[in-house]
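Trainee: Quick note, the sequences are listed as chains S and E, same order.
Following this note's numbering, the numbering of the first sequence begins with 14 at its first residue and continues without gaps.
Following this note's numbering, the numbering of the second sequence begins with 8 at its first residue and continues without gaps.
Simulated from the structure, these hints should not be mistaken for laboratory data.
Heads up, some of the hints might be wrong.
As the list claims (entries may be wrong) - Once the Cα atoms are required to be at most 25 angstroms apart in a straight line, the calculated DMTMM-like pairs of lysine to aspartate or glutamate come out as:
id: 1; chain 1: S; residue 1: K73; chain 2: E; residue 2: D652
id: 2; chain 1: S; residue 1: K249; chain 2: E; residue 2: E797
id: 3; chain 1: E; residue 1: K62; chain 2: E; residue 2: D652
id: 4; chain 1: E; residue 1: K769; chain 2: S; residue 2: D80
id: 5; chain 1: S; residue 1: K73; chain 2: E; residue 2: E539
id: 6; chain 1: E; residue 1: K785; chain 2: S; residue 2: D255
id: 7; chain 1: S; residue 1: K238; chain 2: E; residue 2: E649
id: 8; chain 1: E; residue 1: K785; chain 2: S; residue 2: E91
id: 9; chain 1: S; residue 1: K75; chain 2: E; residue 2: E539
id: 10; chain 1: E; residue 1: K32; chain 2: E; residue 2: E14
id: 11; chain 1: S; residue 1: K166; chain 2: S; residue 2: D255
id: 12; chain 1: E; residue 1: K769; chain 2: S; residue 2: E16
What the hints assert, rightly or not - Away from chain E, derived, C-beta distances all over 10 angstroms, residues of chain S:
id: 13; residue: Q29
id: 14; residue: I33
id: 15; residue: T82
id: 16; residue: Y96
id: 17; residue: S188
id: 18; residue: G189
id: 19; residue: T206
This one's a predicted model, so the numbers in the text were calculated from it and none came from an experiment.
Virtual Cβ for every residue (Gly too), placed ideally from N, Cα, C.
What follows is each chain in one-letter form.
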Amino acid sequence: MAENYLDERGRIFDIQRYSIHDGSGIRTIVFLKGCVLRCKWCCNPESQEYKIQTMTVQGKPKVIGQDVTVREVLETVERDRTYYRRSNGGMTLSGGESLCQPAFCEALLRGAKERGLTTAMESMACADWKVIERILPYLDTYLMDIKHTDPVKHEKFTGRRNELMLENAKKVAASGMTELVIRVPVIPTFNCTKEEIESIARFSAALPGVKKMHLLPYHRLGQDKYEGLGRQYELKDIVPPDNATMEALADAARRVSGLDVQIGG
Amino acid sequence: MAKFYAEAIKKSDRIDRLKENLFRKMPEIESARARLLTESYRQTENEPTIIRRAKAFQHILRNIPIIIRDEELVVGSTTIAPRGCQTYPEFSYEWLEAEFDTVATRTADPFYISEEAKKEIAEADKYWKGKTTSELATSYMAPETLVAMKHNMFTPGNYFYNGVGHVTVHYDWVLAVGFSGIAEKAKKALEACKVSDADYARRSRFLQAVIISCEAAVAYAKRYAVLARDMAQKEGNAARRAELQRIADNCERVPEYGAQNFWEACQSFWFVQQLLQIESSGHSISPGRFDQYMYPYYKKDLDAGKITREFAQELIDCIWIKLNDLNKCRDAASAEGFAGYSLFQNLIVGGQNAEGLDVTNDLSYMCLTASMHVMLPQPSLSIRVWNGSPHELLIHAAEVTRTGVGLPAYYNDEVIIPSLMSRGLTLQDAREYNIIGCVEPQKAGKTEGWHDAAFFNMCRPLELVFSDGMDKGEQVGPHTGDVTQFKTFEEFYDAYKAQMEYSISLLVNADNAIDAAHAERCPLPFLSSMIEDCIGRGKTVQEGGAVYNFTGPQGFGIANMADSLYAIKTLVYDEKKVTMEEYRKALAENYGKGLPASEVEFLLGEVVKNLHAAGKPVNEAEVASAARALMTPTNKYDKLLEMIDAVPKFGNDIEEVDAFARDVAYTYTRPLEKYRNPRGGQYQAGLYPVSANVPLGAQTGATPDGRLAGKPVADGVSPSAGKDTHGPTATANSVSRLDHFIASNGTLFNQKFHPSALSGRKGLENFVALIRSYFDQKGSHMQFNVVSRETLLDAQKHPENYKHLVVRVAGYSALFTTLSRSLQDDIINRTEQQGM
């Protein structure tokens, strides 16, 4: 880690202000580059590789990925402080998987906390427990993705088995150091059935302290990016779940878990 | 117990039926007022103008046809046809005659007019030749002002062709003592006049005119009492019969005397609101703080168990319907600038009292609910926001916003109060402000604000910098030198300021000429009876009778000018990537994207003229090919456009650019405030466009920010459409860096949201937080369109399915399908903010 944590460098591919669907209030999301999974439905395929890439956007080449210091990121985050104050908002880390850049991730969260901002992180918890343990003191809300309870199916669609993530979920919950919210991307052909969602809901309800679960319906907004990266989009033929399906899944999840289940973030 | 009753009250079925009736037909122009006005004027030829005005008002009110519409609870209609309008030839009439045959088919705000009405209006108009305010105003203007107006440097069209309006009267006086009480006051003042007083002639005639006007209003109400009683007798339905009898009793009592209960107060309010718009054609007759002056009547009835909340809500909803029953026909060009049949009757809820305490009450909530029930553009509902505003009031307001109706507009007490004090209002008066028209703050009952005095297009003076003051072959601005010879950006900027200052001085000349013409030809005794201190001073508001007097012309195009000047500074002077000569050529050739036909026509005319003068033959084929060359798009300036595109733009939370924009706004706001009007008041700038950014953009050549000729200029203080790319917080941060205090006539900041950004309680909370945060940073006003792009596009395709789709235009809302195509496009193209 850099001598002063504010000088810690990391790689991001976007900063989005006025995010209102990822954590409390009005937030700024910092997207870290690099991921351990390769989910077939990923709507940010440009996030997966750590290396800096060129993606074609609306016919023009765009460089994806930028190395920045924590200080620089926080300068942008600070710009919306007034909005955080009025809405109990703050900074959210997303990706990619932020935990792939552990020192940077920790320094960002610590910097935000020390400035009095609330922090949240969207993550699959796919990292060594030691890494997660270090960031928990600086994290108010952990928006943890649990995509499936079946390791084999998980591997088929994301490239990795899920035992480590489920184990980490239990440890995060047991620590009691952060508000843990479970998020489930609902993907037809992968987990869009009552049984599969119920299974995740049961697992989540068993985690101490977990009260909320978000079902995030699959959308195709990322599809063009695959082309822009010269990649094939494998899920071309699947259709986003309609409202009725989502409502039915949410009901099912509520019934088995008693959790506060909402559709969307 | 909660301080307020904040729960929304259910809508009565009556409201939907009233609304349906209102929209059954296309709006219609009626002729009664023009005929009656002229009859009266012919009979009062040698009397003082003020007496003639009062007698004409009386003659109209005695004879204009009246109607009580089905199921109405509050009555008083200016036309027999719903949403109809009368005409006002004393201000101007030529435009209507010229448009008799097109007014029903034009794109913006069409009106039906019968052959008979045409004949009657044309007959009345004969009398008015040479007698209108607009003709007198023209004769008062300096020649150079007329030249500048011809070249669209600014347009004072509103008051040039119409009454002034833009006022909030002492509704509370009429509610408390009635017009008999006001007439009594005038009579006492008249008795106190000594025949030897220096101003006896003017004062005594004015007071007489007030008395005649008050009596006329009372007599008009009594006509409704008779009609209602008559209808009650014939009515078969017992419930409706009882309503009609009650309406008759109400009209018998108010507005002659003070209101004894809430229903009477509603009726009394309505007569004031309606009759002000019969006396003059001025729009933006703004009810102001309705929730405050109506509250005592509501509270008394509620406490005494004489009224239910549901019925009070129904009465308020009925008033909302009535506010949409009034209408105004403007000339085709103005109709584009004020598109959407808008009357801008601004009604505001919440805020502080004179002592600085929050005075939100039940009615504040009920007014918001009424807009949700009625879902129509009128009233232009506004809400005052300050640190002490109840959170639930704002949440309820956000719920209204979420319906997509474009209401309410949000105003910041923390900016507006000190801003008004800087213009001489007392702290107590400033705390009681309300909004007029679109966004203009004033103290009700004490102000003649002339709030909407002109549109000033800030882009046009920049065009003159590039042509040394020439426009289409005529010297319109001062000689500021050859633009290619300026050595520094400061020299260039100084030239712009010089062009601005000159045009502003002409704008002042135009407005003061019009002001004088209104005082001379159309003083308004009825209006003046409800404004302090007209009776005390013995003169009308037009002659300086009000306590506070202002003239507020609005500038627009700030974002275009900030981006333009910043691009020039960056590309020509700092980075030296482009020469001024290249820039000048690119602008003259509209960046190679083809010149508008009008420009081509002018240029070819010049060429032909020069050839003739030089004695050379004119070859038709050559001229045609030259025309093609001018109109055919090329790519030769695309590189320049790309460079311009890369220069940072206003609206992206970049301090340097925003500070620059703040300074550019001063080129308008600062010169203006040193001028004075004939009523003894000061000029103050507003920064808002109504909807004129579209039609006036059509008269503006290419600008150095990359905007092509003829395209709309930026609306209000908002960034140029699509140039703000960092979301609403970044945009709001930028806009808040303008000086909103000096623009004391109001600023206008449009935001467009996708409905998903406001979904659920959380969406409402975040939305309110966004407004609060902009206001924390000292922004003055914010308004929203919450409607998806897809909906608007679909509405363009299938207007028949969207007859009632209301959208926010500028400082007001309008029915989307009544707007011109270009204005619809402008709204669709505004940057849409969507929570990520």
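Trainee: Straight-line Cα separation of K73/S and D652/E no greater than 25 angstroms?
Mentor: Roughly 15 angstroms between the alpha carbons, so the hint for K73/S and D652/E holds.
Trainee: Check whether the Cα positions of K785/E and D255/S lie no farther apart than 25 angstroms.
Mentor: Cα-Cα ~43 angstroms, so violated.
Trainee: Looking at Q29/S again, its CB stays over 10 angstroms from all of chain E?
Mentor: Per Cβ check, Q29/S is inside 10 angstroms of chain E; nearest 5 angstroms; violated.
Trainee: Does the claim that G189/S lies outside the interface with chain E hold up, using a Cβ gap greater than 10 angstroms?
Mentor: Since the minimum Cβ distance to chain E is about 25 angstroms, G189/S lies beyond 10 angstroms and the statement holds.
Trainee: Just to be careful, I want the Cα atoms of K249/S and E797/E compared with a cutoff of 25 angstroms; is the pair within it?
Mentor: OK: K249/S and E797/E at ~24 angstroms, within 25 angstroms.
Trainee: Run the distance test for K769/E versus E16/S: straight-line Cα separation, threshold 25 angstroms.
Mentor: Between K769/E and E16/S the Cα gap is close to 40 angstroms, so the pair fails against 25 angstroms, i.e. violated.
Trainee: Is K32/E close enough to E14/E, meaning Cα to Cα at most 25 angstroms?
Mentor: 35 angstroms, violated
Trainee: Within a Cα-Cα threshold of 25 angstroms, do K238/S and E649/E meet the stated pairing?
Mentor: 24 angstroms, holds
Trainee: Verify this label for me: I33/S is non-interface relative to chain E, using a Cβ-Cβ cutoff of 10 angstroms.
Mentor: It is violated; I33/S is separated from chain E by about 4 angstroms at its closest Cβ, not greater than 10 angstroms.
Trainee: Straight-line Cα separation of K75/S and E539/E no greater than 25 angstroms?
Mentor: 64 angstroms, violated
Trainee: Per the stated criterion, does the least C-beta distance between T206/S and chain E lie above 10 angstroms, as a non-interface residue requires?
Mentor: 26 angstroms, holds
Trainee: Under the criterion that the straight-line Cα-Cα distance not exceed 25 angstroms, is the pair K769/E, D80/S satisfied?
Mentor: 34 angstroms, violated
Checked against the numbered hints above, the structure breaks hints 3, 4, 5, 6, 9, 10, 12, 13, 14 and 16 and satisfies the rest.
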